[in-house]
Structures are given as structure tokens and as C-alpha cells.
Amino acid sequence: MTVEVLLWCVAALLVTGVAAVVLARRRSATVLVYGATLPASVIALAVAGAALLAPALLEGAPLILPLGLPWLGAHFRLDALAAFFLVVVNLGAAAASLYGLGYGRHEEAPARVLPFFPAFLAGMNLVVLADDAFTFLFAWEFMSLSSWALVMAHHRRAGNAAAGYIYLLMASFGTLALILAFGLLSGPVGGYAFAEIRSAAPSAWMSAAILALALLGAGSKAGIVPLHVWLPLAHPAAPSHVSALMSGVMTKVAVYGFVRVAFDLLGTPLWWWGAAVALIGGITAVMGVLHALMEHDLKRLLAYHTVENIGIIFIGLGLALAFEANEMPAAAALALTAALFHVFNHSLFKSLLFFGAGAVLTATGERDMERLGGLIHRMPKTAFFFLVGSAAISALPPFNGFVSEWLTFQAILLSPALPQWLLKFLVPAVGALLALSAALAAACFVKAFGVTFLGRPRSAVARDAVETDRFSLASMALLATLCLLAGILPGYFIDALAPVTQGLAGAHLPEQRQLDWLTIVPVAQSRSSYNGLLVFLFIAASAGLGAAAIHRWASSALRRSPAWDCGFPDPNPATQYTAGSFSQPIRRVFGTVVFRAREEVHMPPPGDLRPAVLHVRLRDVLWDAFYAPLAGFVDYVAGILNQVQFLTIRAYLTLVFSALVLLLVVLAAWQ
Amino acid sequence: MAIAVDLGVQFLQMMLVLALAPLLTGYVRRVKAHLVRRQGPPLLQPYRDLLRLLRKEVVLAESASWLFRVAPYLVFAATWVAAALVPTFATGLLFSYAADVIAIVALLGSARFMLALAGLDVGTSFGGIGASREMMIASLAEPAMLMVVFTLSLMAGSTQLSFIAASMQAPEVGLRVSLALALVALIMVAIAENGRIPVDNPATHLELTMVHEAMILEYSGRHLAVIELASYVKLLLYVSVIGCVFFPWGLAPSGEGAIAYLGGIAVYLLKLAAGGFALAVFETAIAKMRVFRYSDFLGAALMLGLLATLLLFVSRVT
Amino acid sequence: MIDAGAFAVASILAVPVAGAALLAALPDDRTAAWLNVLASLLTFAAALVLLVARPQPGPFLIVDDLNVVFILLSTFVGLSTSVFSRSYIGHELETGRLTPAYLRFYHAMYQMLMFGMNLALLSNNLGLMWVAVELATLTTVLMVGIYRTEAALEAAWKYFILGSVGIALALFGTILVYLAARAVVGEGLDAMAWSVLVQKAAGCDPALLNLAFLFLLLGYGTKVGLVPLHAWLPDAHAEGPTPISAVLSGLLLNVALFAILRFKSVMSANPDALAPGPLMVSLGLVSVVFASFMLYRRQDIKRLFAYSSIEHMGIITFAFGMGGPLANFAGLLHMTLHSLTKSAIFFCVGHIAQAKGTQQIQEIRGLTVSHPVLGWGLVLGVVAIAGLPPLGLFMTEFLIVTTTFARQPVLAVILGLSLLVALGALLLRLNGLAFGEPQGRSEPSRASFIPVGAHFAIVLAAGVWLPPALVAWFQYVARLLS
Amino acid sequence: MERLALDVAHLCAGGLVLVSFMLLYQDRMSGLIKTFALHALVVSFSVAWQAYIQQAPHLYITAAIALGVKALVIPIALHRMVVRLGIHRSIEPVVSIGQTMLGGIGLVALSVMVMLPVTAQAGTLAREDLAFALSVILLGLLMMISRRNAVSQVIGFMSIENGLILAATGAKGMPLVVEISVAFSILVALIVIGVFLFRIRERFETVDVHLLHEHRGERP
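Protein chains in written order, with our numbering: chain D, 1 to 671; chain X, 1 to 318; chain W, 1 to 482; chain V, 1 to 220.
FYI, nobody ran anything at the bench for these hints, they're computed from the structure.
C-beta atoms are modelled at their ideal positions from N, C-alpha and C, and glycine is treated no differently.
Each hint should be verified, as a subset may be incorrect.
These stretches of chain V come out as covered by chain W in the derived footprint (C-beta under 8 Å, 3 or more residues) [what the hints assert, rightly or not]:
no. : stretch
1   : 6 to 17
2   : 29 to 39
3   : 43 to 57
4   : 104 to 111
The following residues of chain V were derived to be distant from chain D, with all beta-carbon distances above 10 Å [as the list claims (entries may be wrong)]:
no. : residue
5   : Tyr25
6   : Val73
7   : Leu85
8   : Val94
9   : Gln99
10  : Glu179
11  : Ala183
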């Protein structure tokens, strides 16, 4: 029943996409399309949410449609895991559709966006619903393809075509890896249904290979280092609400793929998988945030932060694998809850932030922070919501980002119970990486918010910006509220995750709902507890009371005057700190290693009127290490082989002749 | 009834923290002055400063936004709440379950976040310098702090300061290499976070060297007062954390009557005095370092913290 | 009351011949184009009859489960190509690339080509099949050279020489088969009839069969365009008229591959003959790897897709070489869908080349802006040929790679990676062709989009849903082959 | 009688291989053409002989075609063209004649080796004749790739065809032999016409195929 409803929603989305092809030229197309996707995703969200809260609605047996592989059919099934990710997907989808109602009006090429947006949503829903290998991969690649089309929407802008190219290539690489993984899982006879795959028990080395392939496949879509290169190119290239979906939701679908394979289909893991995954996660987190710190393009900065958060999620997943391998279900449940809760949270605040970036983009036409500033005066609401998002993604209490990272830390602190020494030593190190990335993220968002919204406008467009439309604001408000709610009432969300972890790890966190004062206690009261509500009320109360008291009894006089600035203020906005100068200390500390950062100052001689220039050169070490050689190799081989195009007929005949003789010799030898 | 008492004790602690914070700062200043053979300001000078600032009008830069005016109160609130959650004279207070030590670190992070934003808000170069350097310091100090937290909570099997303190009192803890390392790391972090010498000089107004001062350069009047108070509270917080974790004696368990609490307060005052004196001595003994040496200093703290965590396992098996 | 099946077979062969004769005589090119369409339509209709009624296999002609698929396919593509060629040829006349005389010749040859291919598919006799394939080759040679440009003549000559050598090798293979069969079947026609051979293969002399397979593989493999016998293919595609490129890629390659399949089934019916699998797998894999790298340096848009045809023929040969019901099924399906897709792509490319007045990739930019339908058609085609969903080739490539990986991991990885390399090249070119600022001269093209639309519709439908009847049929054939 | 018949057939086959070697050995165009005429002559004789011993009269047609077209018409035509083009001296081998001959011997050995496992049941004279036919084909290919000159390539191809006809007629009772041989002769004729075509169009001074490659697509 529930599955049918969800599939009807998907069908509605697909129909909308097809209709959009016809309608696209009309003025009203934008409203029609987003007006259609909004209810569809809201219904899907409602159904999935209901199924998550009331497990009675989940269905054990898959629904089989006579599509896809003929003798197999397309299997669809809704279990707790799928329900949770459907909530994530459709929440993002609903928000994006709401945002699109307003944002879409500024779209310069609606005909290239409207048809693919619903298709993209449908693809993501199908990936999560699929219950056999073929349908899964079909939907997976369909999702990539439709998002590629959206990335190519503004194909005339420099670099977007290249971004789309790298994106689709990496996506297909991921799909290939997954195809191979499922090839191993389903065996030569082709038992593609997930039920059959579960029943089959692959050997140790085989399952290790499968996990590696799944990590490659899902990881390349989720953007784990070093497979992340496409992400900061492709996500910003798309229209902002699509960027929000790609960053906030599609990467989560990739995480779903990994979870599905590693926890559900693959049976009991080996402990060192956990070590590997967690370590990769930690490295990904730090690399992502460091890249983000060096970025001055607002949307690319956000995209790099997606890489960071994916790293955090994979840390949780790795821990869960390690705990599960050592038969510690409770701990595994904790780690898994942390990871999944972070999935949810990140989908919230990343969408929120991209919406904010989109609003800035429409208001100013600028993505380069160095040309923004002072927007808090012109777009106060957007600024406020963006601030909430920044605080949430920087894992600051009382917002939701902190709760999931706190849970991750709690899971890390359970590591001493692990028997393997490697894990004992590795996990705290990973914890250090996590802490480092959290702190750097805070720095990064001080920069992002401060340079974009605070200070004085650095360009005319920033000075004349106007507040964005009400649909965009509504959708941002929705997400901001959710960020706060998930931060101060985490108990309810954690309880909602219980059936998921129960299904995957065989255990779930203790019931949080009826604990007094809505405290969350992952393991035991004596071990750790956190109460977002109280913290929030404390801060609100003490800040409010303090302010009230001071205004009441002390002075409340206020006078506006020019900034003091140690006595020599300069009206020129260029004297402010820029994004580059803000991140300079951190670049000095980390950049020399990670980016081979080189700074050179061209100081003109005294009396020369030319301004002094500071050049900063950063290099993407990973690109130089992995991708450039690969491209070089392909080009080299192509060059070598290409000579065959220019031989004489006689030479071609020689080829034929030698092939014949060779085969004859083989035959003679074989007999 | 019991709730009421607990509430009362909790409230008492919060007020105590608030009341003692300026005193501690004043005490440190005075000791420092004495150490360099100066008269030094009277002990209660910080209170006077605060009151004077509170009475003055606020001079607000034209380019300042609403955030600039809200930030001080939020910074103060976050810091105060964090401080209220640290066991000072008694463990297991009512709200100590609301947040563990990780949350406390994060709350300080929130305060820093707001402060750095405020530094950028007016759009002056000095505010930028302050914010950027502060975040750079924090980006190393916070992980170091968390490593220390790891060490302690792995040892105590809990991230609740009350429980950590309690388990530290247990006899089997004894002296540990990792504890020593953690203590050193924590002290280094505390120095950095409170902007003390050698990382930052609270007394300086030489623009290019200041960090914390640069961020709050544009503040005046009540805003400045609130921010100053917040920084006093922060210093007090770190001293109390060190006190209650590494010198956990004399902490009154919850629900022990007034006498025990009074005893706890007395011991707590002693700890503060000792900590303040040590800080003053340290600050007079050492010179401030260049800005770009910070990373080495804090990196060392981070490594110490990590080392402490890892050594923990070694010392466990031995 | 005559047997409907026999009548259908007769008309499948007779209509093209009659059409050729008529078209050779008919001076007016407009009506000629229509007549061409009509003849193809009749052939297709006759082929449809075979679905319901089949004649008894005779010594020369046969209709069995295997070739019905291909007959339907080739007559259908022949029909749509003739529709396309109507709108294509008109433009060629205007620009004066073709004179009416040559045009008459072109139409006659077109029908002769259809005749040759249908005969090859229908023939039950090795010798007859050989003659038919040779006929088809000769006609295509003449049509490749029809523009009389130096490049076209050179391509035709190359095709001619290499093709003839291939034919010679195939003939020798045919003779060997006869010799092998004669011992068991006895002299006469039966010894060359597929239907008999398959049953009696077990008794044949394995050594002779091996040798024969070797020669047939190389001989017909030249027509299939397997590396290293492929040299004629890219130039023939690039220099000839686009409808012929479409037919070449869509049909002639299939016909040659069909011949190899026929003989593979004979081979695998003999226990102690050498297994045909490894040979086909290695040839196919070499073709895939080679072609996917060759895609990178292409400057001529038609040559680009010609190389992609080599790649896909390699994939199909690989799949049949791997054998097994799944792989064979995938191979058959891939064959069908590839002909549809590739011919549709060539339809688009033909119109594009006419609209832009060039085949040079560098001179074509931003088609989705300047010619939305053609541009998006090309995008769809490349997406399909690259094996991305929701189009059908994704399913077949999925099946081939997964089934192979479970049996021969290394081969599957090589195959998958070279598919990726090919995808990279195709997308790289597509970026330039379809996106970015349009440039160069661009006149509105009076293209007929029916053929393109029809083909893509089928491929898309196949990607999502295959009719059970077709599936059962393919599965049955797949079991025949393994 | 039976014995003798086989021996004669065998002798023809062997002789054909010999003539193929002579073709390889030629270093002058005119000599080459003459030798090819001999090649065709031997083939037509062996076909006729097969027709006689198999009592297969239709084979006489094949023999006649071989004799008429390949032993007379084509050589004469080629000769005249060569003379007119004044290339009757040059043979333009790629590798030296000697090495070519060595390769040829290797090929003969190979074809014999390949044929060895064929059991005798395949037919009384199948094995040896097939070995010879195969060697003729391979030698023809070798000739095609070891000569630069179009005429000699054509001749190489035609010698391949002769080998095929030898094999086809050797296969007793093979149907469609005549049709096939006719079809093949058409092919050959077309090739020759093609060669003529290129000359008549006066695009190339000589019929050296090499020149064609100036016009290959995508010259970098």
C-alpha cells in the first residue's frame, strides 16, 4: 500500500517532467512544474515519515512491477532504512520545490531546468525504493544523468561544460564500480533480487572486494576523498535549488547506497573494514574543510563543506562497522544513529545554506565573496537564516549539527572496548581529525558569513541588493526552524531512527522520549547526556534577562558615529578584511603542506605608484597525484593507437594477413 | 522540595561564578603587578570598570548591524551557561546533566563564533585581524581541548564532569603519564583560549599583536562591559575545570547539606587563588610569542592531548 | 491458396529486386524517393507476415527463430532509412553533391543492398549466404564511392580490397565446412544447409571445422569490423552518403555477425571441436579497447560514430563469446538496440552535417541552442550509445558486465574500463557539439524526425519494458546459441 | 585409373603451388603477368580434370572461365596497360624477393601442419589438396602485402582466387561451385576495372595504390 502511494508520487513526478518538455516555453511553466513537484514530494514525505514512525506500515514483501529485467521485474520495497532516506530525500525535494517557486522566476534557461528537475527527484526516490540490483543501478544512473542535465543547464557559462563532463564521467565510474559489486553479489546466474543476494553468503575476500567496490561506487557519488573532485565543480554549476538537492540530498542517496550494501546485503563485516572506512572518513572531513577554507566562491565553499560532512558521516559508518564486527550491537547502533542523524541534519542545513547562496546570487549576480559584503543590511532575513545554517553546520549548540557530532564523539569514546589494537589507536586519532574539522568548519563559516553578509559592501551590486522573494524565504524559514527543532528536541528524532538501527545493527538506542527534561542519554546517565532544550532555554533566558536588566537599570543610551578603527578609519571598503586575508593564517598553518601554497609579494620600488600585489598559488595535490596522470595516460595511448588510422592499404592487409597467420599458428599449436 | 533545594544550589553556583569572575581577574592582575614590584590596581578594580562601562552610553559604528548589538549578550550567555555547568564547589548539581564537557567546549565555541562575527561586522581591518587570528587559534585549541577531554572521559568512562571528578577521587586512579600530559595540554589550551601571554596579551593595545582586543575594538559602553565580563567568566571557567578534574578534592557530592557546600566553597576559593597565582607567575615569567608561532604552540598541545589518549591504552595494559 | 509464409519470403526477396529495376529506370528523383520508401515498406510488411506464418525450410532458404529477428530488424531499419534518405537526398541534389543520374543509381543500389542483406539472412545455404554477402558488399562499395571525391574513392577502394580479401577467406572457410560435412551428410546441397549442419555437426571432422571456423571468423569478421580487420569501416562510414552509413552500421555489420553466429552454433554442436568462445572473446575485447581509445582523436563526426560502431560490435562479439543464456540474451538485445540507436544517430548526424555544411567536429558548436531538436536528438543518441539509462543499452551492458565479472573478473574489468574510456571520449565530443555558444553557418534543416523519433522511442521503451513475447523469443534463441 | 586420376589432380595442385612461388620470384611486371597467365592455365586444367574424373560437366564452365578470362583476357589487358603506363619494369617489392620466398616456404609448412590432423575420412584427396590450396591462398596474400604496385596486388588477389577455385573444385560434389566462381570472377573483374578507372580518370600517373593515401581522411 505505502509503496504504491510512493510509486504513484514518482510517476507523478515523471509525468511532470515529460509535461515540462512541452510546457517549458510558457511563462507559467515554472509555477506549474514546481507547483506539481511540491505536493508530490510532500505526500511522499508524509507517507515515508508515517512509515518510519509506525513500522506497521512497512512492508516485508517487495512489490514487483513487470518492468526492467523481464524475467526479474522491478522490485520495490519499503523498509525502515528506505523510509528514513525517503524522508530525507522528499524533505529536501519539498523545500527545493517551494524555493523554486520563487527562485525559478529568475532562471534564464527554464527549458533546460524544468524537465529534468522532476526527473531528478523521481530518480532519487527510485534509488531508495529499489529492491533489486538492476532497478537500483538503473535509478542510480538515471539520477546521475538527470542531475548532469541540470548541471549543463547553464552550459554557456565558462567551465560548466567541463564540470558536467567530469561529473558524468565520475558518476559513470561509480556506477561501473557498483555494477561490478553487484555482479559479485549476485553471481553468474544473476540472482539480482536483494532477497537472493542477502541469502547468498560470499567468501571473505569476495565480500572485502564487494565492500571496496561499494566504497568506490557510492563514495565517488558521495564525494569521499580522493573521489570528490567533481563535486565542487558540478554542485555550484547547477541552479541553486538543484545545488541544494545535489549537495544536501543526492550525496545522502549515495550514503544510502553504501549503507544498503555494507550493512544490509553484505552480512557480517570484518573489523578492519571499519578501520578503513573511518580513516577515509576522517581524512575526507579534514581535506574537505581545508579546501573550503581556501575557497572564495560561496557555492564552491558550500560544496567543499559537503565533502567534509560526508567524511563525518563515513566516520560514523566506519565505527558502526567496527562495532558490528565485534558483536557490540549497542555501540554499533549508537554510531549508526550518529551517522544517520547527521545525514538528516546535513540535508537540512546544507539545503538551507545553498538556498541562502542562491538568494545572494539572484540579488547580486555574484558568487565571489570578495565582491560581496554588508548584505545583512539589505537582506536581513536571508542573512538571519544563513546565520542559523552556519551555526548549525559549524556544530554549535543548541543547533542540530552539534547533536549528531556529539553522538559521533560518544561513539568514538566507546572505542576502548574494541579488542583490536589498531582500532584502539586509530579511532581516537580519527576523533582528533573530527574535532579538527569541526573547529575549522567554524572558522570557515565565520569567514563565509562574515565576508558575505557583514562588513561594508565591496561592490555596487552588493550595495544595491534587495531582499529575495517570499517563497525562497518561506523555504529557508522552514529549514531553519527544523535545524533548531532537531537541535533542541533531538530525542524524538533519535527515537525515529530506532527501527532503522534495529534492522541494520540488531539494536537501537534506549527510548529517549520519556526521559525527564527531554535529555538524550545514548548509553547511560552516568556516561553522558545532553539536553538541547535546557541549554537553549538557559542561553535564551540569561541573554534575555541580562539584556533586559542592563537596559532597565544601566544605561540604554546609544549614539551612531563613524567606526573608530584605532583612530584612522578608512571609508574605502577595500580596507576591510577579505576572505583571502581571513583565511591567510590558516593557509600559513596547513596550506603549505596540503596545497603547496606559494605566496609572493610584488612590491614596487619606492616612488613607484603601482600598487603592491600579493599572488597566492594553490595546487590541488590530489588532482596532480591521481587525475592528471590518468588523463595523460589515456591521451598518450590514444595518440599511439591513432597512427593506425593513417596506414596504407598494404599495411592493413598485412594486419589481416598476420592475424590469419597468428590464428593458424595457434590452431596448429593447439592441435 | 528537593527540587527546590537543588535549584537553589544550582542558582547559587551560577551567581557565585558570576560574582567571582571579576575578582579572579583582578587578583591575577594584582599578583602580576606585585611580581614586577608595582603597586597594581586594587583587587576590586574590575568591578568598578564594569559598573562604569555599564553607565556609559554606547557609541555604535554606522556600519554596525543588529548582529553587532546582539552578539555581546549571546557571547555572555553562552559563556555563563558553560561556566554554570562546571562543578565548582559541588558535583552532581541539578543541571549538570544538561550538558557534558564536550557540550561545554562547544558552548565556548558558540561564544567565540559570535564574537568573531561581531569583529567582522563593522568592516574594519582590525576587527578582521582579530577574528581571523582568533579562529585560527581556536581551530587548533579546540581539538586539543577535545583530546584532553578524550583522555579524561576514556579514563572515567564518562563525559560528565561530575562523574569525571568523582572518578578522579577514586584511589585506583593514581598518577598517570597521560594525566600529566593532559594537564599540560589543558593548561596550554586554557592560556590560548583566554588570550593570556604568551599567546595574546590582555593588557596590550599595540594593534598588530592583539587578538581578543582587536575583535572588540569597536565595542563600548554596556556592550563592552558584557563582553569583558564574559571573558572574566571564561577564565574562571578554565581554572575551575582544571581544579575540579585534576585537583578534585573537597568537592561536595550532591544532596549533602549546607555544611558540605560551605566546605566545598572554601576549597574552591583556595583552588582559584592557587590557579590565579600560578597563572600570574607564569605570565610574568614568559614573553609573548610571534603570531605565527601560535600554530606550533597549539599544535604541540594537540599532539600532547593525542599522545595522552594513546598512552592511556598502554598504561591500561601495564 | 498458396502458403503465406512462402509468399512472404518470396516478396521479401522479389520486392527489392523489382524496386531496384524500376528505380534504375525511373528518371524523376522525387517519385523515385517515394518509390524507394514504398518498396521498403512492402518488404517490411512482408517481413511482418513471417511472425505469424513460416514456410518449411528448403535447401536454399530458411526462416527460423534466429533469423526472423534479424529480418524484421533489417527490413524495419531499411524502411526508416529510406524515409530519412528522402529528406537527405533532396538536400544533396540542391547542393549539387549528387546529379540525378547518380541519384537513380543510388536508389537502385539501395534496393539491391536490401536484397543482398535479406538474402543473406534468409539463406539456408552457406554458398548462397556467401554470394549474398558479397553482393551486399559490392553494392555498398559502389555507394561509398558515389560522391567521387578523392577521399570517397580512396575509402571505397580500401573497403573494396579489404572486403574482397575477407570474402576470399570466408569462401575458403565455406569450402572447408562443406568438406567436413560431406563425410557425414553426403554430397549435395544438404551438406551446405544450416538446418542439416546443426544436427549433423557432432559427426563432422573437428579439425576441418576448427580451420573452417577460423577462416569464417576472419572472413566475415572483416565485414563485422573487428579489430584488426576493421580498417575499411571508419572511412567507409565517413565518406559515403549518410543513409548508407546508417545502413552499414545498423544492418550490414549485423548480417556479417549473424553469419558468424550461425557457424558458432554449428561449432558448439561438435564436442571435440575447439570452443569458439575464447577466439570471439579475445577479438571482441581487442575491438572494444582499441575503438574506445580511437574515439579520442576523431575530427570527423561520422568517423567518430563509426568507431563507436566498432566498439559495440566488439561488445556483442564478446557477449556471444562468453556464451551462457544471459550473455547471449544480452548480445542479441544489444545487437538489436545498437542497430536502432546507431542508425538514428546517423540520421541526426546527417541532418546536422547538412545544416552546418561540415562534418568537422570543431566547426559544430552549441547545437542544442541553434537546432534544438537535432541537438537534443544527438544528446539522446550519445547517451543511449554510451549505455546510460533509461535507454535500452544500459540493460544489456549491465547484464554483460555482471555475468562476466562473476566468471572472468579480469575480462569484465577490462571491458568496463574501456567502456568508461569510450564514454569519456563521446561525452567530450558531445560537450563541444551540443553545448556552448553556437558557431559556424547554420541553416534551418528540413529534416524528417519520424525515423529518429521512432528508433529512439523503441530504444527507450526497451530500456524500461520489454514485451514478454520478445523476451521469450530472445531467450529461446539464446539457448539455441549456447 | 582411379589412382592415376588422383595423382594427376595432386600433380596439378602441387604445380599450382610451384607457379605461385614463381609469381613471388618475378621481378618484372611483364614476367609477372605472363606467369600469372600460366597460373590460371594450370588452374583451368586442374578444374577440367576434376570435371572429367568427377563426371561433373558443369565444372567445365568454370574451367572455361578460368581459361578465357584469367589466362587470356585479363593478362592481355593488364599487359597493355602496363606497357602504356611504362611501368613494366618496376615491381617495387617491399622486402627482398629472397626473404619473400623464405616467408612463402614457411607458409607452405604452416598450411601443411594445420592440415595434418585432418582425418582421411574427410575425403580421399581432400587433405593434400587442401594443404596445397591453403598454401596458394597464403602465398597470394603474401604477394599482395609484399608488393607496392597495384597491378601486382591485383595479381596476388587473383592467385588467391585460383587457390579457392582449386579447393572448391577439389571438394567433390560441392554445389554452387560454378555460381561461386562466376561471382568471384565478377569481383576480380571489378577490381581490374577499378584499376583501369583510376588510370582513366587520370588522377594518378601510375596505378600505385600508395598515391591514394594522400586523400585519406583526418590527416593530422
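Quick rundown of the hints versus the structure:
Counting residues of the stretch 6 to 17 of chain V whose beta-carbon sits less than 8 Å from any beta-carbon of chain W gives 0, not enough to reach three: the coverage restraint is violated. Residues of the stretch 29 to 39 of chain V with a Cβ under 8 Å from some Cβ of chain W number 0, which does not satisfy the need for three, so the listed coverage is violated. Judged by the Cβ-Cβ criterion of 8 Å, the stretch 43 to 57 of chain V is not covered by chain W as claimed, because only 0 of its residues qualify and three are needed. Under the rule that three or more residues need a Cβ within less than 8 Å of chain W, the assignment of the stretch 104 to 111 of chain V is violated, with 0 such residues.
With a least beta-carbon separation of about 19 Å from chain D, V:Tyr25 lies farther than 10 Å from that chain, consistent with its non-interface assignment. With 10 Å as the threshold on Cβ separation, the claim that V:Val73 sits away from chain D holds: the shortest Cβ distance comes to roughly 25 Å. For V:Leu85, the requirement that its beta carbon stay farther than 10 Å from each beta carbon of chain D is met, with the minimum near 19 Å. With 10 Å as the threshold on Cβ separation, the claim that V:Val94 sits away from chain D is violated: the shortest Cβ distance comes to roughly 7 Å.
The non-interface label for V:Gln99 is consistent with chain D: the shortest C-beta to C-beta separation is roughly 14 Å, beyond 10 Å. Every CB of chain D is more than 10 Å from the CB of V:Glu179 (nearest about 26 Å), matching its label as outside the interface. The beta carbon of V:Ala183 is kept farther than 10 Å from every beta carbon of chain D, the shortest such distance being approximately 21 Å.
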